[in-house]
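Protein sequence lines, in the order shown, are assigned to chains E and V.
Residue numbering for the first sequence follows the numbering used here, starting at 1 and increasing by one per position.
Residue numbering for the second sequence follows the numbering used here, starting at 1 and increasing by one per position.
Heads up, some of the hints might be wrong.
[To be verified] With a cut-off of at most 25 Å between alpha-carbon atoms, the simulated SDA-like pairs for lysine to any residue come out as follows:
| hint | chain 1 | residue 1 | chain 2 | residue 2 |
| --- | --- | --- | --- | --- |
| 1 | E | K279 | E | E360 |
| 2 | V | K88 | V | N215 |
| 3 | E | K153 | V | N215 |
| 4 | E | K279 | E | R295 |
| 5 | E | K73 | V | M227 |
| 6 | E | K130 | V | K118 |
| 7 | E | K130 | E | P88 |
| 8 | V | K118 | E | R269 |
| 9 | E | K178 | E | N163 |
| 10 | E | K73 | V | H113 |
These are computed hints drawn from the structure, not numbers from a lab.
Please read all numbers here as calculations on a predicted model, not as lab measurements.
Listed below, chain by chain, are the residues.
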Amino acid sequence: MAQVNLRKIVKDYDDVPAVRGIDLDIADKEFVVLVGPSGCGKTTTLRMIAGLEDITDGEILIGGDLVNDVPPKDRDIAMVFQNYALYPHMTVHENMSFGLRLKKVPKDEIQRRVKAVAGILGIGELLERKPKQLSGGQRQRVAMGRAIVRNPKVFLFDEPLSNLDAKLRVHMRTEIKKVHQKVRTTTVYVTHDQVEAMTLADRVVVMNAGLIEQVGTPHELYHSPATIFVAGFIGSPAMNMMRCGLEESAGALRLRLHGDISLPVPAERVARYRSHVGKANLLLGLRPEHLTETRAQTLPGQAPFDVTVEVTEPLGMETLVFFSLNGGEVCARTNPSANLQPGKRAPLLADLRYMHLIDEASGRVL
Amino acid sequence: MASGIAAEAAAPLPATRRRSTRRRFVRRKSWIAFLMALPLIALIGALVVYPAFYSLYLAMLNKGMEHFVGLGNFSFLFRRDLFWMVVKQSVIFAVSAVIFKALIGFVVAHFVHNIPAKGQRKWRGMLLVPWVIPPAMSTLAWFWLFDPSYSAFNWVLSRIGLHGVPWLGDPLWARFSVILVNVWYGAPFFLIMYLAALKSVPEQLYEAAAIDGANWWQKIWYVTLPMMRNIIAITVLFSLIVTFANFDIVRILTNGGPIDQTHVFATWAFQLGIEGGDLPLGACVSLFMFPILGVAAYFILRDINRRGNEA
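Work out the full structure: start from the sequences and follow the hints.
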């Protein structure tokens with residue numbers, strides 16, 4: 001059993017707060033990704049779990065044991081660093097077996113484990129090479145191999161793919177997922193790339209300014225973000241945020257986006273939003289895929305409206321259409337066959353069943 | 001341009017060939033590179049190669065420098081006990097001084113490396129002082145510290161109830177003293193080189209080692225030392241050369257005494273050649289540094305090329 005529990009973790013660097021009190025429970029065998037913009041405290045949190053940073057306040061438990069004052073070597077963790085941190089003077093085999101040799105594991109046992117892990121990672125032929133003779137992707141595998149052979153309680157990954165080129169990154173992402181499915185060890189993974197977070201994680205932890213914004217499965221974060229930060233951070237292209245007013249007439253609610261654009265709130269959301277009628281600083285959050293070309297059949301909850309297309313970006317399987325609304329830019333994902341032209345008026349369809357109403361003042365999704 | 005070509009065409013055959021040869025000569029980059037390097041080559045030739053061969057020639061003359069005696073001076077030296085004593089003393093002096101300089105430099109470099117960046121400059125500057133003062137001056141100060149009756153050392157010893165030590169008067173203590181001063185003078189060089197090397201070891205290697213389960217000693221043994229191998233080899237070789245050839249410290253502190261017990265090659269060669277008036281024999285002694293250092297250099301530098309830069 002190797003669950004990881006963080007209790008009110010605080011980290012200050014000379015009075016500058018980096019992590020401002022986070023609680024997180026990571027279950028055994030779970031793959032958790034910490035994601036957020038630079039400086040949000042995600043790497044600091046990971047390094048505190050590793051024991052490479054002292055914690056200013058709070059408690060860290062690994063496998064139920066308090067490890068606040070336990071040095072990294074006694075925490076039974078393994079870490080993969082952003083720049084791999086392979087020992088340049090050791091061969092791949094020596095790099096991978098270093099931790100085992102320090103633990104005085106018998107030689108034939110080391111041999112067996114290194115071979116097995118090298119097999120999993122496909123680096124069996126590289127064992128006698130030095131790191132400088134390896135490509136970036138191979139170094140990445142060796143760094144993972146070094147972590148896996150030790151069979152630790154917890155894997156920690158610190159932006160392990162950010163030094164790879166885009167194609168290799170996608171490939172290694174899949175590799176990491178495969179390895180986790182085979183090895184099944186509790187994993188904490190830090191990245192600033194939300195696609196990486198979404199594809200790898202059992203649960204994603206979105207961090208911002210030293211605090212946790214939201215914890216949830218990729219699906220939860222995408223479809224029910226709790227805050228404006230999560231709504232804007234998860235998803236690419238990002239969710240559209242449109243300033244709007246909420247009006248009530250004859251028991252129905254309408255979103256007034258612009259002088260002449262007013263969209264009906266779906267009936268099932270009316271009860272939830274009624275108390276916010278007339279409030280200032282409301283935003284309508286709608287993902288680009290819920291703004292499309294008009295269809296032959298309009299379902300309840302969908303509402304057409306006209307815009308002037310400014311820019312189109314054909315991507316092949318879809319065409320992104322950009323237009324302005326209340327001074328902000330809005331993106332819609334349309335079918336290329338709709339053939340919307342820049343500079344022309346065009347009808348679009350807003351699927352308000354997937355709308356989010358956001359209070360800009362509090363940053364909460366209502 | 002056109003007239004040039006016309007003139008060339010009109011010129012008789014041999015002249016054209018000569019000119020095109022010259023042009024080809026100029027076009028060859030290696031020749032131009034050689035010409036540009038020539039002043040430096042001439043300088044090295046005049047200041048290094050010529051004196052080296054001249055001293056070789058000198059070593060094969062008789063005392064009056066009148067006729068050639070071949071290897072006579074060498075065979076004369078081999079038969080003298082004092083020569084073998086100087087060989088032994090030079091090796092003891094250089095090897096023990098270099099070992100202690102390297103050890104002290106390595107340890108102090110770690111201390112300085114761990115001082116917060118703000119205070120580090122100050123400490124670095126202070127620790128470099130012994131290396132910056134001209135050794136002739138600082139050795140004079142040491143000479144006073146070692147004085148048997150009036151010096152600080154023996155005063156302190158007498159204060160705590162111990163007998164004074166004949167620092168420069170007893171062969172064993174005199175050897176210790178010249179080595180001590182040499183270590184004091186040379187350790188800062190190792191300090192600064194090792195400090196630079198330490199700073200170039202990526203912090204993440206230590207973090208990776210910490211997570212792999214290494215304690216501080218294992219981090220030094222498996223990370224720091226291998227990462228510093230090349231710089232250690234080069235500094236040790238460099239210092240071995242300089243220490244072997246050391247002249248001023250021994251000359252000022254003991255002048256080879258007592259009874260020639262602290263002579264090293266340079267001071268003995270000076271005594272024989274300049275003071276004793278036997279230049280060929282002095283040259284002969286100084287030449288002995290070369291084969292010893294040659295062997296040391298071979299073993300020390302052997303692995304550097306192979307290792308190269310592993311990072």
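Open item on the list: Tell me if the straight-line CA distance from E/K73 to V/M227 falls inside 25 Å.
Closed with: 21 Å, holds
- [ ] Quickly compare the C-alpha distance for V/K88 and V/N215 to 25 Å and report which way the hint goes.
- [x] Violated. V/K88 to V/N215 sits at ~40 Å, over the 25 Å cutoff.
Task: Given pair status - E/R295, E/K279, alpha carbons within 25 Å - done: 33 Å, violated
- [ ] Quickly compare the C-alpha distance for E/K130 and V/K118 to 25 Å and report which way the hint goes.
- [x] 37 Å, violated
- [ ] Measure nothing beyond the straight line between the CA atoms of E/K130 and E/P88; if it is 25 Å or shorter, mark the hint as holding.
- [x] 7 Å, holds
Task: Pairwise hint evaluation, E/N163 against E/K178, where the allowed Cα distance is 25 Å at most - done: 20 Å, holds
Open item on the list: For a C-alpha distance cap of 25 Å, please report whether E/K153 and V/N215 respect it.
Closed with: Given pair E/K153, V/N215 holds - Cα atoms ~20 Å apart, limit 25 Å.
Open item on the list: What's the verdict on E/K73 and V/H113, does the C-alpha distance respect the 25 Å limit or exceed it?
Closed with: 23 Å, holds
- [ ] Below or equal to 25 Å on CA atoms is what counts here, so check E/K279 against E/E360.
- [x] Roughly 11 Å separates the two Cα atoms, so the pair holds.
TODO: Quickly compare the C-alpha distance for V/K118 and E/R269 to 25 Å and report which way the hint goes.
DONE: 60 Å, violated
In summary, the structure is inconsistent with hints 2, 4, 6 and 8 from the numbered list given earlier, while agreeing with the others.
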